[in-house]
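Engineer: As given, the protein sequences belong to chains A and X, one line each in that order. When we follow the numbering used here, the leftmost residue of the first sequence carries the number 62, and every step to the right adds one. When we follow the numbering used here, the leftmost residue of the second sequence carries the number 62, and every step to the right adds one.
Among the clues, some could well be false.
Which copy is meant is left open, so a pair is good if it fits within one copy or across any two.
[As the list claims (entries may be wrong)] Within a straight-line C-alpha distance of at most 30 Å, the following computed BS3-like cross-link-like pairs (lysine-lysine) qualify:
id, residue 1, residue 2
1, Lys135, Lys320
2, Lys283, Lys320
3, Lys260, Lys196
4, Lys227, Lys205
5, Lys260, Lys205
6, Lys165, Lys135
7, Lys335, Lys101
8, Lys337, Lys192
9, Lys335, Lys315
10, Lys260, Lys227
11, Lys297, Lys84
12, Lys335, Lys147
13, Lys320, Lys165
14, Lys192, Lys335
15, Lys119, Lys83
16, Lys315, Lys135
17, Lys283, Lys313
18, Lys313, Lys135
19, Lys165, Lys227
The hints are simulated quantities; they were obtained by calculation from the structure and are not laboratory data.
Protein chains: 2
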Amino acid sequence: MTVGIIGTGMMGGSFAWLISEKKPSWNLIGYDASEENLEKAVEVGFIDEPVSLDELVKRSDLIIITIPVNAIVKLLPKVLDGISNKQVVMDIGSTKEQIVDVIKDHSKRGRFVATHPMWGTEYSGPENAVKGAFKGRVAVICNKEESDNDAVELIEGLYDLVPMQKVYMEAHEHDIHAAYVSHISHIASYALALTVLEKEREEDKIFQLAGGGFESTVRLAKSHAAMWVPIFMQNKENVLDVLNEHISQLRKFKACLEKENFDYLQELIEGANKIKRIIK
Amino acid sequence: MTVGIIGTGMMGGSFAWLISEKKPSWNLIGYDASEENLEKAVEVGFIDEPVSLDELVKRSDLIIITIPVNAIVKLLPKVLDGISNKQVVMDIGSTKEQIVDVIKDHSKRGRFVATHPMWGTEYSGPENAVKGAFKGRVAVICNKEESDNDAVELIEGLYDLVPMQKVYMEAHEHDIHAAYVSHISHIASYALALTVLEKEREEDKIFQLAGGGFESTVRLAKSHAAMWVPIFMQNKENVLDVLNEHISQLRKFKACLEKENFDYLQELIEGANKIKRIIK
Numbered sequence: 062m063t064v065g066i067i068g069t070g071m072m073g074g075s076f077a078w079l080i081s082e083k084k085p086s087w088n089l090i091g092y093d094a095s096e097e098n099l100e101k102a103v104e105v106g107f108i109d110e111p112v113s114l115d116e117l118v119k120r121s122d123l124i125i126i127t128i129p130v131n132a133i134v135k136l137l138p139k140v141l142d143g144i145s146n147k148q149v150v151m152d153i154g155s156t157k158e159q160i161v162d163v164i165k166d167h168s169k170r171g172r173f174v175a176t177h178p179m180w181g182t183e184y185s186g187p188e189n190a191v192k193g194a195f196k197g198r199v200a201v202i203c204n205k206e207e208s209d210n211d212a213v214e215l216i217e218g219l220y221d222l223v224p225m226q227k228v229y230m231e232a233h234e235h236d237i238h239a240a241y242v243s244h245i246s247h248i249a250s251y252a253l254a255l256t257v258l259e260k261e262r263e264e265d266k267i268f269q270l271a272g273g274g275f276e277s278t279v280r281l282a283k284s285h286a287a288m289w290v291p292i293f294m295q296n297k298e299n300v301l302d303v304l305n306e307h308i309s310q311l312r313k314f315k316a317c318l319e320k321e322n323f324d325y326l327q328e329l330i331e332g333a334n335k336i337k338r339i340i341k
Numbered sequence: 062m063t064v065g066i067i068g069t070g071m072m073g074g075s076f077a078w079l080i081s082e083k084k085p086s087w088n089l090i091g092y093d094a095s096e097e098n099l100e101k102a103v104e105v106g107f108i109d110e111p112v113s114l115d116e117l118v119k120r121s122d123l124i125i126i127t128i129p130v131n132a133i134v135k136l137l138p139k140v141l142d143g144i145s146n147k148q149v150v151m152d153i154g155s156t157k158e159q160i161v162d163v164i165k166d167h168s169k170r171g172r173f174v175a176t177h178p179m180w181g182t183e184y185s186g187p188e189n190a191v192k193g194a195f196k197g198r199v200a201v202i203c204n205k206e207e208s209d210n211d212a213v214e215l216i217e218g219l220y221d222l223v224p225m226q227k228v229y230m231e232a233h234e235h236d237i238h239a240a241y242v243s244h245i246s247h248i249a250s251y252a253l254a255l256t257v258l259e260k261e262r263e264e265d266k267i268f269q270l271a272g273g274g275f276e277s278t279v280r281l282a283k284s285h286a287a288m289w290v291p292i293f294m295q296n297k298e299n300v301l302d303v304l305n306e307h308i309s310q311l312r313k314f315k316a317c318l319e320k321e322n323f324d325y326l327q328e329l330i331e332g333a334n335k336i337k338r339i340i341k
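Based on the sequences and whatever the hints tell you, model everything.
Structural biologist: Shown next as structure tokens:
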């Protein structure tokens, strides 16, 4: 079996490591729009053979697209144009609605499986690919009924290798949830970083104190714009809904402090503590 | 040497574990306003002997106060009333200005050292005390010049045992920095939890998807109100300044999305990425 990875960065590499660990006999070929990335992927060792995009599309039994979501929307129809009825294509983009929409009437629609494995790091590039990634996380598979059964089974089998917990939903529903559990966290983290950096112009002791819970909330602010601007663009409406809600929650904290309403502040915090039900 | 821990919860216990690891010959006695906490501390094993508050103050060479900051402000003058000129008292509260202020004219002021080790977890209670805590973090020592030299040396020696990096500053300055690197992270995290929980009323798939960066930004939202309401109360002005700045940063993201100004969005994200200079 030959697997072609389009996009040999952190995510593509982490997927490639997964396959080479679990299915050492499979052949891994790769393509990246950046020659440097592709060379590094071979050097790091998760790609057996660098190829052109055309060659990858021709030779792969399974094509895994791991590039920014705006690039997926552009590239996916062309990839489907080039495959036979035996090949399978999957993506792992963080948005799903525009991606399934752009190929919904394509004659090869059935060969494509839209997925989102809920795992990532704030780093990018082939040198940051992670061995043993994805484990225990959720893999969302969207609009399953639009994909051929054999294609879905292949992808399910891939996620079962990790294993990941498979969750099925419509792309529209996925994008709403993703806005809540992932996209808003990134915006909050970016805004927090900017808040602190604004202050840092005046003071620099702040550098030394960056303990106290700061790293975990600001970790995501290191995430790359090339990946995240397209996600926010594609999921604009949902992200705006959540962002408005988030700002209104922050305003409640502000009002509590301004009015010294510490009973209500306690109530808000105890409400927030209920998140323990969701994350252990 | 006898060390008395006032407040045998998560922080007090983590401190006690530190001492019992590094100085096994020292005697650890403890007091907690909650009898249950104190019994559990003995059961868990980080306190050798439970005592009354009076007995602890009488017998301890070093008293470590690890209780919420509002309780410190109330208790600290009484503790200083009860000690001799050979005993030393320290606190580890997350705010410093009100604490040093309340005892600034006390005759035993010199025996007290105001500190803030920049380490914590979102959990509370003696059962959540951590062995090997504090390592590699910063310990802030405030208003050093108001403490006797031998008292400061004892506490510096304690932090050197870990070791922690010692940073010296005025209490007023500490509270400003703490608002930026710790207190705002907690408010952002609480508000994020409330944002998601608000949505969760309507949908429950969100439970399953809580990967994708969500845990790290919302982790702090599990933190206990009994600890954090008093911190926000005492550091109200600084926290409000930072919170206003944070809301205004979030509004920039909102405006970018509403106006589809994706170039500016990219600029904001690239600005936030500069946080890499502060956290690795």
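Engineer: Evaluate each hint against the coordinates.
Structural biologist: Each hint tested on the structure:
no.	hint	result
1	Lys135 / Lys320	between (52 Å within a copy, 23 Å between copies)
2	Lys283 / Lys320	between (35 Å within a copy, 24 Å between copies)
3	Lys260 / Lys196	between (38 Å within a copy, 27 Å between copies)
4	Lys227 / Lys205	within (12 Å within a copy, 57 Å between copies)
5	Lys260 / Lys205	between (48 Å within a copy, 25 Å between copies)
6	Lys165 / Lys135	within (14 Å within a copy, 67 Å between copies)
7	Lys335 / Lys101	between (45 Å within a copy, 25 Å between copies)
8	Lys337 / Lys192	both (29 Å within a copy, 23 Å between copies)
9	Lys335 / Lys315	both (21 Å within a copy, 27 Å between copies)
10	Lys260 / Lys227	between (43 Å within a copy, 22 Å between copies)
11	Lys297 / Lys84	neither (38 Å within a copy, 57 Å between copies)
12	Lys335 / Lys147	neither (48 Å within a copy, 46 Å between copies)
13	Lys320 / Lys165	between (53 Å within a copy, 28 Å between copies)
14	Lys192 / Lys335	between (33 Å within a copy, 27 Å between copies)
15	Lys119 / Lys83	within (24 Å within a copy, 64 Å between copies)
16	Lys315 / Lys135	between (43 Å within a copy, 26 Å between copies)
17	Lys283 / Lys313	both (28 Å within a copy, 18 Å between copies)
18	Lys313 / Lys135	between (42 Å within a copy, 28 Å between copies)
19	Lys165 / Lys227	within (22 Å within a copy, 60 Å between copies)
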